[in-house]
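Protein chains in written order, with the working numbering: chain A, 1 to 254; chain B, 255 to 549; chain C, 550 to 863.
Read the hints as simulated data drawn from the structure, not as lab findings. Please read these numbers as outputs of a predicted model, since none were measured by experiment. Certain hints may be false.
Restricting the straight-line Cα-Cα distance to at most 25 Å, the calculated cross-link-like pairs of lysine-lysine (PhoX-like) are [to be verified]:
(1) Lys732(C) - Lys67(A)
(2) Lys805(C) - Lys112(A)
(3) Lys132(A) - Lys732(C)
(4) Lys230(A) - Lys732(C)
(5) Lys121(A) - Lys844(C)
(6) Lys121(A) - Lys732(C)
(7) Lys171(A) - Lys839(C)
(8) Lys121(A) - Lys839(C)
(9) Lys844(C) - Lys128(A)
(10) Lys112(A) - Lys844(C)
(11) Lys344(B) - Lys839(C)
(12) Lys128(A) - Lys846(C)
(13) Lys844(C) - Lys145(A)
(14) Lys839(C) - Lys145(A)
(15) Lys171(A) - Lys732(C)
(16) Lys805(C) - Lys374(B)
Covered stretches of chain A, as calculated for chain C (at least 3 residues, CB under 8 Å) [as the list claims (entries may be wrong)]:
(17) 61 to 75
(18) 241 to 251
Label-pair distances were calculated between CB atoms; the ranges are [stated by the list, open to error]:
(19) Arg849(C) - Gly107(A): 19 to 25 Å
(20) Leu263(B) - Tyr807(C): 54 to 60 Å
(21) Lys288(B) - Tyr807(C): 40 to 46 Å
(22) Tyr555(C) - Gly337(B): 34 to 40 Å
(23) Lys732(C) - Glu61(A): 47 to 53 Å
(24) Leu119(A) - Lys732(C): 15 to 21 Å
(25) Ser68(A) - Pro607(C): 52 to 58 Å
Built from N, CA and C at the ideal position, the CB exists for glycine as well.
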Amino acid sequence: MEEALLRIREVSKHFGGVYAVNGVSLDINHGGICGLVGPNGSGKTTLFNTILGLHRPDQGEIYFNGKSIVNLAPHQIYELGLVNAFQLPRLFHNLSVLDNMLVAARGQQGDKLFNSLFLRKRWQEQEKGLIKEALAILELVELDKWAFSPAGELSGGQRKLLEVARGLMAKPTLLLLDEPAAGINPVLGRKIFQRLQDFSHNGIAFFVVEHRLEILFEFASWVYVMDKGKIVIAGQPQAIIDDPTFYTVYLGEE
Amino acid sequence: MTVNWAQVLFNSAITGSLYLIGAVGLTLTYGLSKFPNFAHAEFITLGAFIGYLVAEQLGLGFPLALPVAFLATGVVGFLCYRGILQPLAKRGASIIHLMVASIALGFVLRHSIGAAWTWKPLYFTTPWSAFDMGPLRITGLWLWLIFAAFALALIMHFILMNTKIGKAIRASASNPELALASGINVDRVIWITWFIGAGLAAVAGIFRGADTQIWPMTGWDMILPIFAVVILGGIGNFYGAIAAAFIIGLAENIGVVGLIALGLSTTYRIGIAFLILIITLIVRPEGLAMLFRRA
Amino acid sequence: MDPLLYVFDLIVFIGIFSIISLSLNLEFGFAGLANFGKVAFFLIGAYTYALLSQIGVPFYLCLIAGALISAIFGLLVSLPALRLRMDYLAIAILAFGEILRLIVKSEDWLAGGDWGVTVSPAISLAGASHRVDALMNILLVYVCLLVCFVIVQLLANSPYGRAMRAIREDEVAAEALGKDRSKFKAQALMLGSAMAGVAGGLYAQYLQCVLPGMFMPMITFTVWIMVLLGGPGNNWGVLLGAALVQIFDRGANIAKDYLVLPIDPSNLQYILFGALIIFVLLYRPHGLLKESTIKTKALRLAYNGRSAVKNKGS
Numbered sequence: 001m002e003e004a005l006l007r008i009r010e011v012s013k014h015f016g017g018v019y020a021v022n023g024v025s026l027d028i029n030h031g032g033i034c035g036l037v038g039p040n041g042s043g044k045t046t047l048f049n050t051i052l053g054l055h056r057p058d059q060g061e062i063y064f065n066g067k068s069i070v071n072l073a074p075h076q077i078y079e080l081g082l083v084n085a086f087q088l089p090r091l092f093h094n095l096s097v098l099d100n101m102l103v104a105a106r107g108q109q110g111d112k113l114f115n116s117l118f119l120r121k122r123w124q125e126q127e128k129g130l131i132k133e134a135l136a137i138l139e140l141v142e143l144d145k146w147a148f149s150p151a152g153e154l155s156g157g158q159r160k161l162l163e164v165a166r167g168l169m170a171k172p173t174l175l176l177l178d179e180p181a182a183g184i185n186p187v188l189g190r191k192i193f194q195r196l197q198d199f200s201h202n203g204i205a206f207f208v209v210e211h212r213l214e215i216l217f218e219f220a221s222w223v224y225v226m227d228k229g230k231i232v233i234a235g236q237p238q239a240i241i242d243d244p245t246f247y248t249v250y251l252g253e254e
Numbered sequence: 255m256t257v258n259w260a261q262v263l264f265n266s267a268i269t270g271s272l273y274l275i276g277a278v279g280l281t282l283t284y285g286l287s288k289f290p291n292f293a294h295a296e297f298i299t300l301g302a303f304i305g306y307l308v309a310e311q312l313g314l315g316f317p318l319a320l321p322v323a324f325l326a327t328g329v330v331g332f333l334c335y336r337g338i339l340q341p342l343a344k345r346g347a348s349i350i351h352l353m354v355a356s357i358a359l360g361f362v363l364r365h366s367i368g369a370a371w372t373w374k375p376l377y378f379t380t381p382w383s384a385f386d387m388g389p390l391r392i393t394g395l396w397l398w399l400i401f402a403a404f405a406l407a408l409i410m411h412f413i414l415m416n417t418k419i420g421k422a423i424r425a426s427a428s429n430p431e432l433a434l435a436s437g438i439n440v441d442r443v444i445w446i447t448w449f450i451g452a453g454l455a456a457v458a459g460i461f462r463g464a465d466t467q468i469w470p471m472t473g474w475d476m477i478l479p480i481f482a483v484v485i486l487g488g489i490g491n492f493y494g495a496i497a498a499a500f501i502i503g504l505a506e507n508i509g510v511v512g513l514i515a516l517g518l519s520t521t522y523r524i525g526i527a528f529l530i531l532i533i534t535l536i537v538r539p540e541g542l543a544m545l546f547r548r549a
Numbered sequence: 550m551d552p553l554l555y556v557f558d559l560i561v562f563i564g565i566f567s568i569i570s571l572s573l574n575l576e577f578g579f580a581g582l583a584n585f586g587k588v589a590f591f592l593i594g595a596y597t598y599a600l601l602s603q604i605g606v607p608f609y610l611c612l613i614a615g616a617l618i619s620a621i622f623g624l625l626v627s628l629p630a631l632r633l634r635m636d637y638l639a640i641a642i643l644a645f646g647e648i649l650r651l652i653v654k655s656e657d658w659l660a661g662g663d664w665g666v667t668v669s670p671a672i673s674l675a676g677a678s679h680r681v682d683a684l685m686n687i688l689l690v691y692v693c694l695l696v697c698f699v700i701v702q703l704l705a706n707s708p709y710g711r712a713m714r715a716i717r718e719d720e721v722a723a724e725a726l727g728k729d730r731s732k733f734k735a736q737a738l739m740l741g742s743a744m745a746g747v748a749g750g751l752y753a754q755y756l757q758c759v760l761p762g763m764f765m766p767m768i769t770f771t772v773w774i775m776v777l778l779g780g781p782g783n784n785w786g787v788l789l790g791a792a793l794v795q796i797f798d799r800g801a802n803i804a805k806d807y808l809v810l811p812i813d814p815s816n817l818q819y820i821l822f823g824a825l826i827i828f829v830l831l832y833r834p835h836g837l838l839k840e841s842t843i844k845t846k847a848l849r850l851a852y853n854g855r856s857a858v859k860n861k862g863s
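If we strip away everything but chain A, and leave its shape as in the complex, we get:
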């Protein structure tokens, strides 16, 4: 059996005695869309932040492509191919939309001090290609007209889209998406998930937190349900819908 792309084993994270994530174990496989759902406060965002290196887990292990990542800094985790799109968009407001995308691009020769000064030809060609890619992705999320505007001028929904677009630009092996369809009209939301599905057929895996269950369940191949810091159900969307525990998680005890 092929080893899972992301393996989380018994990860716990607490803040001042309260366990936001409590002994979570799960696997994400290569390719495909995997969902993470659960009521507010169940620990989904904390789990994501722990995976991408913003928090150190108090217990447990996380393996990405077989490599332990719990002690790595976020930029090192990015290098391995694990990228994140934040729930509350963290855009570079004074940079243009296009510049925001370009920051995310992988393997830029121009990122280094020496290269940026002395080997300009090397990265200038590369940048032309990256701009084409960026504009293509921006078109998918209908932001291409805003390419040269400062990111700070975007509306709330547009910022969400840019956050997702940026994640895609980073050519991740696994992209963590925290509520990509939040604040976006459902038609566009579905369109985005369709694009995600296209990308997933090209080998990118997606781990998606989403509250719009009807959209998520249409596209996800596997779903984890989280409640109070623990994984309570796991399975294919249909199986989740058929499981009565799912409803008690969201609606409380009968």
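Position chains B and C relative to chain A; hints supplied.
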């Protein structure tokens, strides 16, 4: 080398008292307004000069100088905040912008003082008794300074713990939104804190001026050690500031002994506080705040 | 004083302070580091130049050495400082600068203590008049300024500069997108310190001496005003700021001799200066020139392509 340790300890109390009076205002306003107010140096200087005005130029004597300087400088401090720094903050100025604005305010105050009085050093002519008590050399001024610091600590403690305004200050410092929601006029609390802070700075300025000299750089000469006290004690933490003031006072005076022993220049004395400041910021930026309840 | 010489002197000062302003713009305008100890690195460059030129090292090596030693100090300072909050960083570096000044003041053996060290000018032609000397200095300073300007412009208009600005805007997001923020910040501080070091060397050889009293915190604040006034994040703006502040300073000094004022002009100068800064912060906080956009060849092509399509359509 024989060291008069009793004198070293006593001197530490003197230094610590001066720093305490100078730092209380700064730590409270820094904690509430969330930026380091470098104009605090000029509040100190202004206090010294107003004290000079009252005691020497108007000939009204030293004791009257203290309350007059306190009130006048308090008003100036309030105006600086209300007229310039608060509007800036409301426009979304960053910490750095506010800090630069306070430095600019400092220029204006410092050179206004220099213009209104003079850049030549001035002196209080009040005669202070000086006597020896065993190995200790004591002057009346120093006793008053230590007494003032002591009284300040007690009064502030009483105010912070037992009065409505004190509780309002503590609430606003730890959680402004909650304070606002519970009906506290946070704006007014901040105004009062800036008033008191500047007023106390003035008192420190008078003592400093009486102990050494009065000139437009009086406050600036003290401001970095005072920041050291604020940082070491924990920004916004009154009790921490008390401890920090005396720790730094001790460190400076023992440090002087060490400097002499090592054959180094005693101008490094002030560097001791700078070092403590840097080390605190690097190793433990919250300072002693952990040890003292928030106040 | 010879008016032409006075103008030359002003031009030299504008050049030297432009270099320091560019360095602060790199650190603060682009990388978001609140370096309130700029004068420390200026001092290091100046003293390095002074001490090396005393033992006969040629001027260009003195300048390079000044840059290198300043850069090393910049790196040392960056190690603990990088994770500090903005205001903590500012205060810590300020204190560091003061400690350095204290050391050069107190250690007479190092560089003459309070009395300093005399420095011979970099370029001196035998029998040259003061004017020619000044022109030589202008040449030297502005060549250095040009080099520095080209470097910071190239950096600003590159993926490296883009990454640096991203870190300034949101370092958590930038790090999550692969940028090692410690590395970028350390490099910014090193490069900025190197530039300040060069400026220090130029200053030392122009004034032909170094004294502790030449390196007061006032210089750091002056440079900050130059950057904030001109426009952080805009290299041209910063040059403008440097020129304006220097001219204001000189203008006030001249006015002193010609105007009879109720207030001693040197005090009035600072009062107006402080008021000016407050005014700028209140009404034009982003400075005279807005932050420059990133202009790489590829971006310009894409933008022009975009406008061409738009224009075709209309």
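Legend entry - Hints violated by the structure (numbers, ascending): Checked against the structure, the hints that fail are numbers 2, 3, 4, 7, 8, 18 and 23, while the rest are satisfied.
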